[in-house]
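Asker: Could you build all of it, start to finish, from the sequences and the hints given here?
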Amino acid sequence: MNDGLKRILSIVLSAIMIFSSVTFVNMSIVMADSSSYILEEGGWLESAYVEWTSVPNATGFAAYVKKANEADSSYVKLDNELIRKYPTYFRVDAVGLSAGQYVIKVVPYINGALDESAAFVSGTLDVKSYDRSGSAFSSKSPFYGKGVGAYNNDGTLKSDAQVLYITKDTAKTVKADIITNKNGTTTEVTGMQAIIDAKQKGLDTRPLDFRIIGTIDKDNMDSFSSSAEGLQVKGKNAGAELNITIEGIGEDAGIRGFGILCRNVGNVELRNFGIMLYMDDSISIDTNNDTLWVHNMDLFYGSTGGDADQAKGDGTVDVKGKSTRVTVSYNHFWDSGKSSLCGMGSEVTSSHITYHHNWFDHSDSRHPRIRVQSVHIYNNYFDGNSKYGVGVTLGSSAFVESNYFRNCKHPMMSSKQGSDIMENDKTGVADFSGKGTFSGEAGGVIKAYNNHIEGSDADKFNGGVEPVYYDATATGNNGKATQYDAYLVTTRAEKVPETVKALSGGSSYNNFDTDTANFDLGVDEANITAVEDVPAVVTKYAGRVNGGDFKNDTNKYTVLNDDKSYAVDTVLKSALISYTPSLVSVGGIDAGGEVDTTVSTETTTEVTTEKVSETTTEKVTETTTINENSSETTTENVNPEPDFVYGDVDGSGKRNISDVNILIEQIRKGAVNVIKGINDVNSDGVVDTADVATLLQKVLNDSFKMPCEPTSSEPTTESTTIATTELTTESTTVEPTTELVSFDDKYDFENNPEITKDGTSGITYTVSTKGQTSDNLTAETIIADFGGSKTLLLNDKSATDAVKAVVPVTIKNKGITTYTLNITPTEAKGNWTVFMLDGIKADGTDGEVLGLRIDKSKNYGLRVNGGSAVTSSNVAVVANTTVNVVIIVDFDNDTATLSVNDSTPVTVTGVDAKSIKSMSFQTATDARSLYVDNITTAGGSYYGEIVESTETTEETTGQTTETTTEKITEKTTAEAITEETTEQTTEVTTEETTEPVTSLSSSWTAGDTVPSWLGVSGSAENNSKSYVAFENVNGSAFEQTVKIATNGTFTITPEKAGTVKVYIAADNNNANKGNVTATVNNATIGTYSLPSRKDSAATAFELTVDDTNVGKAITFTTSYKALLFKAEFN
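Counting from 1 along the sequence shown, just add 23 to a position and that's the residue number in my numbering.
Keep in mind the hints are simulated off the structure, nothing from the lab. Some hints could be false.
What the hints assert, rightly or not - Calculated lysine-lysine pairs in the DSSO-like style (CA-CA distance at most 30 Å, straight line):
no., residue 1, residue 2
1, LYS1135, LYS1096
2, LYS596, LYS151
3, LYS151, LYS563
4, LYS191, LYS128
5, LYS579, LYS410
6, LYS458, LYS410
7, LYS205, LYS100
8, LYS151, LYS195
9, LYS503, LYS410
10, LYS163, LYS410
11, LYS587, LYS483
12, LYS181, LYS503
13, LYS90, LYS128
14, LYS563, LYS579
15, LYS563, LYS524
16, LYS483, LYS195
17, LYS163, LYS259
18, LYS410, LYS449
19, LYS503, LYS587
20, LYS524, LYS169
21, LYS151, LYS89
22, LYS205, LYS191
23, LYS587, LYS563
24, LYS205, LYS410
25, LYS1066, LYS1084
26, LYS90, LYS458
27, LYS1135, LYS1079
28, LYS128, LYS163
29, LYS191, LYS163
Answerer: Next up, the structure:
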């Protein structure tokens, strides 16, 4: 039953019951016996639930469960926390049930006591078992037969398990007694993360069940032990027994704003909750985990990362670092960008992972992307995947069995062969000259059996469709004996011959699936779902109970209808950002027996009050707020089309709070016309933001009238409270702070106004050489654009020794930090340390803690503590050749790994630092020229320090108002409409100071500020007369221009159809120095070759804007540094 019908029915039932309780004294007993209060009931996987409406005079409820065929004396009382109140109904979930038939009884509290005479009982509820199969249930597991996590294999809770309920209000305060010494002494620990951290000592292996109720936001948590992911579950050493389950209760449990990192864990289960807008990875199963089960999760978009492939977040479920016996099953991947990385290269082939019955719902790639490991992939539904399905590299083996591929572009691929490289990247010709998908890594081998494949790409070389199956007889040039995707078997037990090898790397399939001596798949053929039934089974059971409270709506989310797009669905992303939990309260006792039939959510009102008060303390000093009570008569004349609900912005068929959230977001952006159907709502003769505000008010007035009908045209008189935010200019005082600024997401060394040192903005650095000071360096010693362009150039041919750049930095000596950089040496030299982490070493001395060193054989490698030993990557240094370097430092385990150009990682130990004070880059002694760029870091690093100040006075007009509007308006979404019809209205004015107008101006001249709509900060720079690519309106060279860095971007958002002209040239005297690409929602709409800055015949980059692109941001990206002269609109 959907929520709308639920609410209508609850209103009707409430009215009937109130009437009946007045007229007939015994009616309530009769209705209770006939279960008339029950709105919905059902059995699910090892759980059952009942939802009911108001009970007259009830002040709370208790609930009980028993087997259907047992006597009433067998009823077991359910925990109070399992009863929750929602706006129009109550709900209880019974969990930890073994398969069978059950009934649930609900007893109301009346006059302060349980009243059995008013109790009501559900019908028979059919409960099924979770599908316990895959490698986590392998007989090779050290925990085999014990039950994964806190539950037994029959679904019941282990007898000595502790159960902790986690809500937004208890995540910081929940308490548990944890064994903390070898004598068995327990210590009371407070807070969810703190409790898990206490288990890390390895002294307490008692089962622990965390039950999440409602949504847990990042700010609700007590702390995070992983700066990259958030919540960390960690054991003392590899595969340490923890026996932990983290589960959600009901349909709406979830965490938001953070993810989960599992490291060194043994016997852990995650189930039945959603993860949205996480920091880096949603779930990272990283380093030495054994027997872990991730199932029945709803996995949504994460936060946008710093890399191009992180628009939807980074990894969704990543399994790496020698983790084994991991089952990932029955999860719903919502349009994930990178679904599952399976291996980093340091793993071994004995690592055994399983993916089954997952719904890869329009997710793009990595289903999974496998390195080294042995992976069983069966009964998954690949549903409209724009890039590829299964990918194997670095000698990995994958058994792909009985999966259903629907419109998956490349169902199966092995790196550097077959479909991966079939088409030329530029011409599209099938000549096997493509660059490939997997960073040039060697391939692996896939064994395929009994898969259903439809809608895949055509096999342009052989005819037919992908995947291309191995054919030993096709030995001709680029034949299927070498250029294949997978080896197709006719029986499940058939082995892949050792002669079938990966074209790149030469590895063969290890036949792990038939090697019963070393592997147990954890599933028999009899328990494999028939392939034709996979879509129905997976779409029914994947994700949370009943599919969760966030519904898969193909009418609302365009990506669910587009099997080829890998762009972010902005409507889906907006819905996640504006998602508001409907949970009102937790616990049946004193919950109140009445529910609000006007559908005004109390929880949201409480959250809004708390957040607005908090925001007001910090921000509202920058604005003037006027509250006035007035009685006014308003006339609304709304005549919608027969099938159109006025104000239904999201197309759901009714006005509700989702429409309000979308409208607020559009008002904030100033993008009025993207809301289709808006006309001159307030009849003032123009269509502008005032019309949107008027419509917003109408939605607020009428959102919760059931059913949705057009607003009456008759005048109404009502008392309203109007909160008007006026834009003012006034002085504000910024409080002093010395807080360190943390960057958990990838941070590239670009300008950041929050990072200040010595009163200046941006990263500070010093230059030093042995035997010289900075003052003595010649003009050739340059650190060029170590900010905007992310390029550090060390070049001092006159110096007598190496040139070194030092970046002051403070790094926590805990957690994991990843450094990524591109290095271009101008000469190939040995015995040279290029990159160093400097600080206080374990022995208390200052010096190099870790160094990226080119050894005497001229290979890149790592050394520890400035020692002479270098662990080589076996990747040689080549003059004037750029390499991509990834260094991962694990300060908890004192290790570091190095990968160069995606080479197999090498690991060093003994990286034990008390603190890190700087990181440095230096040239070779006799080859003093080095380029370093694209420097990024992720993890527990802190850069810079906010300058300590006593008082700062600043003007707060445009920018301050924008910040206030965004922060406060979003947090004051007016859901609560009281019985006195006191409403909160946010009035939006069309004053000049709200948002910058996005219509195009023609150009700018000397002294002009660069228009903010170009997305380029700062003012136009002085132009020399040698820049003659374009002439100004008076026929002379432009006096002002804007410098755009390599890979720089700027945006233009046209408000009407027409032609955009951009006058731009390469910042170079030579032509053919790159191009400019224009995109809308990551789709290319035009490309322009950059003329030189001296090309007097240069023409503008012209783009035609039709109605489909009106109001959409056009992003221009330059592949070479450029000069922007003018932009105009015709």
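Asker: Hint by hint, say whether it matches the structure.
Answerer: So, going through the hints one by one against the coordinates:
1. LYS1135 - LYS1096: holds, 29 Å
2. LYS596 - LYS151: violated, 34 Å
3. LYS151 - LYS563: Distance ~13 Å between LYS151 and LYS563 Cα, so the pair holds.
4. LYS191 - LYS128: The given pair, whose Cα atoms are some 28 Å apart, holds under the 30 Å limit.
5. LYS579 - LYS410: Since the Cα atoms of LYS579 and LYS410 sit roughly 23 Å apart, the hinted pair holds (cutoff 30 Å).
6. LYS458 - LYS410: holds, 15 Å
7. LYS205 - LYS100: violated, 36 Å
8. LYS151 - LYS195: violated, 34 Å
9. LYS503 - LYS410: Holds: LYS503 and LYS410 sit about 22 Å apart, inside 30 Å.
10. LYS163 - LYS410: violated, 35 Å
11. LYS587 - LYS483: holds, 18 Å
12. LYS181 - LYS503: violated, 53 Å
13. LYS90 - LYS128: holds, 11 Å
14. LYS563 - LYS579: Roughly 20 Å between the alpha carbons, so the hint for LYS563 and LYS579 holds.
15. LYS563 - LYS524: Violated, at about 39 Å.
16. LYS483 - LYS195: violated, 58 Å
17. LYS163 - LYS259: OK: LYS163 and LYS259 at ~22 Å, within 30 Å.
18. LYS410 - LYS449: holds, 17 Å
19. LYS503 - LYS587: holds, 27 Å
20. LYS524 - LYS169: violated, 39 Å
21. LYS151 - LYS89: Roughly 15 Å separates the two Cα atoms, so the pair holds.
22. LYS205 - LYS191: With a Cα-Cα distance of about 34 Å, the restraint between LYS205 and LYS191 is violated, given a limit of 30 Å.
23. LYS587 - LYS563: holds, 24 Å
24. LYS205 - LYS410: Outside the cut-off at roughly 52 Å; violated.
25. LYS1066 - LYS1084: Roughly 18 Å separates the two Cα atoms, so the pair holds.
26. LYS90 - LYS458: violated, 61 Å
27. LYS1135 - LYS1079: Roughly 10 Å between the alpha carbons, so the hint for LYS1135 and LYS1079 holds.
28. LYS128 - LYS163: Outside the cut-off at roughly 42 Å; violated.
29. LYS191 - LYS163: Violated. LYS191 to LYS163 sits at ~39 Å, over the 30 Å cutoff.
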